[in-house]
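Novice: This is what each chain is made of:
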Amino acid sequence: MNANTGFIVSGEGEPVVCLLGDPAAALMDALTDDFTVLAMPPGEMTADALMAAVKARGLDTFSLMVHGAEAALALQLAAAFPDAVQALVLLSPQALDPGGAARDAALGGQLANVRAQVLALFGTRDKAAPPTMGGHYKRALANCHLMYVYDAEDTASERLEAVSEVVLDFLKRRDAFLVNNKDGRLYA
Amino acid sequence: MKSALFSTCKYHGPSVGAGWPVTGRVYSHEHAMDSMQQSLDQFRIADEVGFDWVTVAEHHFAPFSLTPNPLIMAGALTQVVKRAKIALLGSDIPILNPVRVAEEMAMLDTMSGGRVVAGMLRGTANEYVTYNINPAESRGRFEEALLLIKMAWTETEPFGWQGRYYEYRTISLWPRPVQKPHPKIYMSGSSPESAEFAAKNRIGLGFAVTNVPLAKKALTYFRNQAREDGWEPEPDDVIYRLGVHCAESDDQALEDLNEATKGAPKVSLTMSNRALEGAIASTGYYGRDMESQRQRLMPADLKTRIENGQILLGSPDTIVKQIENIKRELDCGVLDFTVAHQMGAKTNRSIELLGEKVVPRIANW
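Top to bottom, those sequences are chains A and B.
Per our numbering, the very first residue in the first sequence carries number 1; after that it's consecutive.
Per our numbering, the very first residue in the second sequence carries number 1; after that it's consecutive.
Computed Cβ-Cβ distance ranges for the label pairs, DEER-style:
(1) Asn364/B to Leu160/A: 51 to 61 Å
(2) Thr261/B to Arg185/A: 40 to 50 Å
(3) Asn134/B to Leu160/A: 21 to 31 Å
(4) Leu186/A to Arg164/B: 14 to 24 Å
It should be emphasised that the hints constitute simulated quantities derived from the structure, not laboratory data.
Even glycine gets a Cβ: it sits at the ideal position worked out from N, Cα and C.
Make the full structure from the sequences, and use the hints.
Specialist: Here's what the structure looks like:
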């Protein structure tokens, strides 16, 4: 823990701020070969306070990964600091209500200001963030990639290999992650 | 009770031997063209005489059926069959690209004005060799593919899929199904694992290559599972497929069938290569009820097959009586009549007799 900023820092590479609890520890670990992970437990932090904490680390730009209700904070931050937030990963997000409106009225007016590329992941068995919510995020956010994780109830803590693969690819390549770059040859 | 007409599009050219896969060294394209045309004619007649559905199915590498992609045949049927639903029973989804299946079925639903019935099957054991898919993965692939296809039909926003067997970065179907939320889905239901998945996901069940006692046992399990999952299957949630030949009299029907099947292989597609079947069985393909699943694939004599409700044979009156028993035992809402494809005019007459004298009598059962 860094006493000045409250982050637990690990790995090397471009910074990814993660507001994630212990259940997502393995997912954060999976990023550390390619990214500097700045982890902080989810809490009552405001967008301004989080931005200040990141700036205190000397970072001008970063990506952000959050889970559940923290999606509201992440979207506020991305709307307020569009030049700073490069990419957003929303794991089973719960920022919108079943009708597609922002749960926090203040956030509703800001969603149009989110310019960062977003990867929103939903587990097909998720009850807290059901896959039927996915389309709402796609419509509300200008640059949102919707991803269903088959047979997962929670994308932060289940099907680690599948989730980390797509999160890493998205964080590395952003929009270009749509294009397959794996070697498809069976034999030399 | 609804009536479906299933023409297997069997190749009826020169004898090519048994086994699987079957050599193509004596293949006759003239006979193949004629076989396909006969199937199209049979489907057209079925539509004209009042069948509720026409049915196509997927099989590979053998003269048993010339529709390795039944959806291509169904595409032709959208232009030939004007009234009946077109039942795709079905695509073997674990060996296919599920997004492609979703697209093709959506195309067919659009081309037919919303008349598609969407069967999604695991296929016979041998089909796993066709496209080099590990049969041990059959059920896992099936369940994931089915849910992916449903998602592709119902999610209107572009989405990606991070599965176990399938991975897509973005999917957005055009065209989309006419029927909302999507065409009625059926899956094969002979095994307990299938019944459990169907019950959990509220999917209809189809029974083929089985018999009434085995289907009844499987259906009882399915209905109990469905109750545990909070729903009660309707008769229309159950399809029972069986062979049929109808003639003016019982004697004529028997004579026709004996003549047509003289010298024909008596074993099912799966069991026609026992070494292959054994290797597939050893992968766990059949699941926890393996012996029962293999048993239903074993050959039986004609008398036994009639008694067990695998074949309807005789005059229209006789066939109606046979169906009475099946309906009483299974309470199925759809009978999928597999016609003896290879009898030419006699097959066509069988379809006409069924349409005129059987289909109307069972329609309100």
